[in-house]
Structures are given as structure tokens and as C-alpha cells.
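These are the residues of each chain, in order.
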Amino acid sequence: MDTSRRNFLKLSGVGLVVAGLAVVGCRDDNMDMPMNQNVFDLGKGDVGILNYAYALEQLEADFYTKVVNSFYSGISMVEKQLFTDIYNHEVIHRDFFKAAITAAGAMPTPKLEFKYDGVDFKSRDSILATAKALEDTGVAAYNGAGKYITNLDYLVIAGKIVSVEARHASAIRDLISPGSGAFSGDDVVNANGLDVAKEPKDIVMAAGGFFKTPFTWKEQGIG
Amino acid sequence: MNLLNILDKLSDDQFFTKMTSRSEGLSDIANFGRKAAIASIPLGLGSFMATSAKAETTTTASTFSAASALTDALQLALVLEYLEDEYYRTGLATTGLIPSSDRAVFQQISKHETAHVAFLKAALTSLEATPGAKPKFDFTAGGNFQPFSDYKQFMILAQAFEDTGVRAYKGQAGNVASNKAILQAALQIHSVEARHASQVRRMRMNKGWIELKDGGNMPAATNAVYAGEENVIQAGYNTSTLFGAAAGSASFDETLSGSDSAAIAGLFIA
Chain A
242 MDTSRRNFLK LSGVGLVVAG LAVVGCRDDN MDMPMNQNVF DLGKGDVGIL NYAYALEQLE
302 ADFYTKVVNS FYSGISMVEK QLFTDIYNHE VIHRDFFKAA ITAAGAMPTP KLEFKYDGVD
362 FKSRDSILAT AKALEDTGVA AYNGAGKYIT NLDYLVIAGK IVSVEARHAS AIRDLISPGS
422 GAFSGDDVVN ANGLDVAKEP KDIVMAAGGF FKTPFTWKEQ GIG
Chain B
4 MNLLNILDKL SDDQFFTKMT SRSEGLSDIA NFGRKAAIAS IPLGLGSFMA TSAKAETTTT
64 ASTFSAASAL TDALQLALVL EYLEDEYYRT GLATTGLIPS SDRAVFQQIS KHETAHVAFL
124 KAALTSLEAT PGAKPKFDFT AGGNFQPFSD YKQFMILAQA FEDTGVRAYK GQAGNVASNK
184 AILQAALQIH SVEARHASQV RRMRMNKGWI ELKDGGNMPA ATNAVYAGEE NVIQAGYNTS
244 TLFGAAAGSA SFDETLSGSD SAAIAGLFIA
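Each protein sequence line maps, in turn, to chains A and B. The working numbering numbers the first residue of the first sequence as 242 and each following residue consecutively. The working numbering numbers the first residue of the second sequence as 4 and each following residue consecutively.
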């Protein structure tokens, strides 16, 4: 169907070594390993989706925090501002979800730990490639999760965030390939003019290389 | 209505290469004044002139059924896509307007808007609704703009249309949520418009995102596109606490009601 567009999520392009997926359940070996009783499950229904979004925003916030805490050498003023803005937005998103989930009386995803094997935080190319993967993943994740949300207020919230992630993705892609169609490239937008949308299971598998802390989302068949 | 069938069809690229025959007998869409007289509003926009804003859904007080809200949302989206499609086609066909260094961007945007028109027509048809006919557009908005002779103005309106599109789709999420396949497709179009918006904004030396309600060197005539974007309260959470109002307001985009979306589009309908 859209096999050509799956490639953007293969993070091998950014030089990542996906050495042992942290997400429980992605192993295709060893069914006898006892499950860690302390592995967090994202939950059911809308809470699960909010926690999913929270987990992804934690990843983005963590990544951009590293970027702004030590900008790659030679960074331009424009790019410094851009990354600072994106960092701001992702941290706000992250904190928003924690507050929203707590306010809903549910248990938020704990503070997750991340790893960036193969990412060189001193390299502009590496930062941009990783940012592109993360932003496109965010867009695909929200687009694919929307249909599972039952509370329309949460759906609107998700809508308000995904378009910002798409603005980020567009900007990053344009920095990589200025003046081209890459901002809204054929690798993410299909012949119908539709952006990528991925199932939670696919997103979690694709982004698994970044997550050090395991989690499950049994309702979505993850872990 | 078999949702799985619709989802299959909507994701089957072949389905959309078939031409959707335009319905004969639709009355000419004309005479839409800027005062937006309800009687003369084009098919697709009329139902939105009386609905209320924010997380728009059909209410028990409304005369519309969920199915009507769904197709009305798609008809509105179709009008906006017709507008963008014709706008970019015209711009690209206007000799000397778009600098060669910018053509690739507008060709990509144009390609998507054309695809969106086809997709929405097919989606409406699959719901057994007749897609509205393309309105007659006036991109000068009654002589207020010269987008095809002044590239700066072309860019201004491009930015306005894209930022409007993002808000308009978002505002209709509640109305399409009853059909999961359509909802997902709407989200997938919505994020593409956001990519477009970000690119055009940045080409105009703005940030790709909207801070407060400042469109960024935009004329007052476009204020309606940005009104409300300064919002910093999201579900009771104050987004300005951490980094200030500009960052907070930019971290979430806002909705536009169907009536507000229709009003903006209506400015450009002859």
C-alpha cells in the first residue's frame, strides 16, 4: 500500500543502532522470560492514548533538551532560535499531558529514560536527521491515534498539537533540503495528499530504539 | 455504511485515479457577497453560517443529523481545497510571478491541493453525497489584493490560506469523528496543510508556528485568520507558565468554527 513511505520510520537512516528493543513484547524470542512486574502499562481507552502521547512528548522533550543544552558548533542564530522554540513547545506538550492525565485521575507514564545510540549531538546533520524522524513520528502517531480517542475534547487537543508537530517537521525538513518539496515530501505525503498515519504498535516498534525504560500498552497489543 | 470498506477505498490509490464525474444540475455558485447572506452561500458553506464555535459537534438542538454534519464538514473542506487548488494553479501559471527558486515549493503544495480536491470529492461520493461544485473565486477579494501581479501579496494570501486550512480542519474534527476512516483522513490532510503553512511562513521570514495572534507581517484584512491564536489555556493548563505567552500560544494551534472558516473563504468567492 504505502510501503515506500514506511522507510522514514526506519531510524537506521540516522545511524542508530537499535540494539535490543526496550519495548517488552517486541522480542520474537524467549517466551519464557518472566515479565517484569514493575513495567508500566499505558492504560485503557483515552487514558492509554494520553499516556502514549505523553511518552512520545517525553522523548521529544528529552531530545531537544539535549540539543539546546549544547548547541552543535557553528549553529546559526536562526537555527538556535528554531531549536529553542521547538524545545519550548515539546516541553510544554510534555508538561501538559502530565497535568491532563493527572487531572483525569489516572496514573501518568513515569519519567522515562532515553538513549540515542548513533546520534552525534555535535553534528548538525545528525541532529537534523534525528529531529526529522522524531517530528514525522509524532505526526504519524497523532494521525493514527485520533480514531481511538472517544472524548471529543481530547481529540481537539490532539489536533491542536499534531499541527504544531507538522510545522516543526516541515521546518526541519526544509533546513535539510532547502527550497525543495521536502518540507512536505513524497516520502511522507502520498498521492492522495495524505500525510502518514501509523498505528500505535508500529510507532512504538519504530521508535523503540530511543526508549531505555520499557513500557507496555496491552490494549493496543504492545507488550 | 461499512467502515472497513471506506477505509480500504480511501487508502487505495487506484480508487482515486478514477475521475469523479461532476454532478450536473448543481446551480451556479455565484453572488456570494462579503456580508455572507445565507441564501447565496455556496453549497458546502451554508450550513456553517449558523453553527457555534469550538469542538464543533452536532447538538440535540441542531437540525442536522450526524451524517449531515459529517458531509457538511467535508463540503466545507472541499470549498477550501478548491480555493487553494485554483489559487496555486493560477499562481504557477502566471508568467513571472513565482521566482524559479520558489517554484518547487509551490509545485509541491499545488500537487497536494489538487489531490485533496479529488480525495474529498471521492469521500463525499462514497458517503452518497454530491460533492459541491467549485465556486467562482475572486482572489483579489473585491480589489483588495493583487496576488497574481505582486509576489509579496501572493505569499501573504498563501500563508493566510494555509493557516486558515489548518484551523478549519481542526474545527471540524468533532463533526467527522463519527466516521473513523474519514476522521483519520481529515487528520492526514490537516497535518499536510500545517506543513504547507510552516513552509510559506518561513519563506516570508516568519517562524513556522504562530506566536500570539500575530500572523507575521500580515495585513489587517487577515486578522480573522489569527484571532484566538493567542490562547494559552488548554484544558485548564496554562501553556505560558514555562516559557511565556509567545511560546505557550505557539505550542498549540487553535480551531476555527465552520462559520468563521466559511466567512474567510467567502471573502474570496466572487
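Treat the hints with care, since some could be wrong.
Only pairs whose alpha carbons sit at most 25 Å apart, straight line, appear in this in silico DSS-like list of lysine-lysine [to be verified]:
no.: 1; chain 1: A; residue 1: K285; chain 2: B; residue 2: K183
no.: 2; chain 1: B; residue 1: K114; chain 2: A; residue 2: K321
no.: 3; chain 1: B; residue 1: K183; chain 2: A; residue 2: K442
no.: 4; chain 1: A; residue 1: K339; chain 2: A; residue 2: K356
no.: 5; chain 1: B; residue 1: K114; chain 2: B; residue 2: K210
no.: 6; chain 1: B; residue 1: K216; chain 2: A; residue 2: K321
no.: 7; chain 1: A; residue 1: K459; chain 2: A; residue 2: K363
no.: 8; chain 1: B; residue 1: K210; chain 2: A; residue 2: K459
no.: 9; chain 1: A; residue 1: K321; chain 2: A; residue 2: K388
No lab work stands behind these hints: they were computed from the structure. Keep in mind the model is a prediction, meaning the values are calculated, not measured.
Against the structure, the hints:
{"no.": "1", "hint": "A:K285 <-> B:K183", "verdict": "holds (19 Å)"}
{"no.": "2", "hint": "B:K114 <-> A:K321", "verdict": "violated (32 Å)"}
{"no.": "3", "hint": "B:K183 <-> A:K442", "verdict": "holds (18 Å)"}
{"no.": "4", "hint": "A:K339 <-> A:K356", "verdict": "holds (21 Å)"}
{"no.": "5", "hint": "B:K114 <-> B:K210", "verdict": "holds (24 Å)"}
{"no.": "6", "hint": "B:K216 <-> A:K321", "verdict": "holds (23 Å)"}
{"no.": "7", "hint": "A:K459 <-> A:K363", "verdict": "violated (38 Å)"}
{"no.": "8", "hint": "B:K210 <-> A:K459", "verdict": "violated (40 Å)"}
{"no.": "9", "hint": "A:K321 <-> A:K388", "verdict": "violated (36 Å)"}
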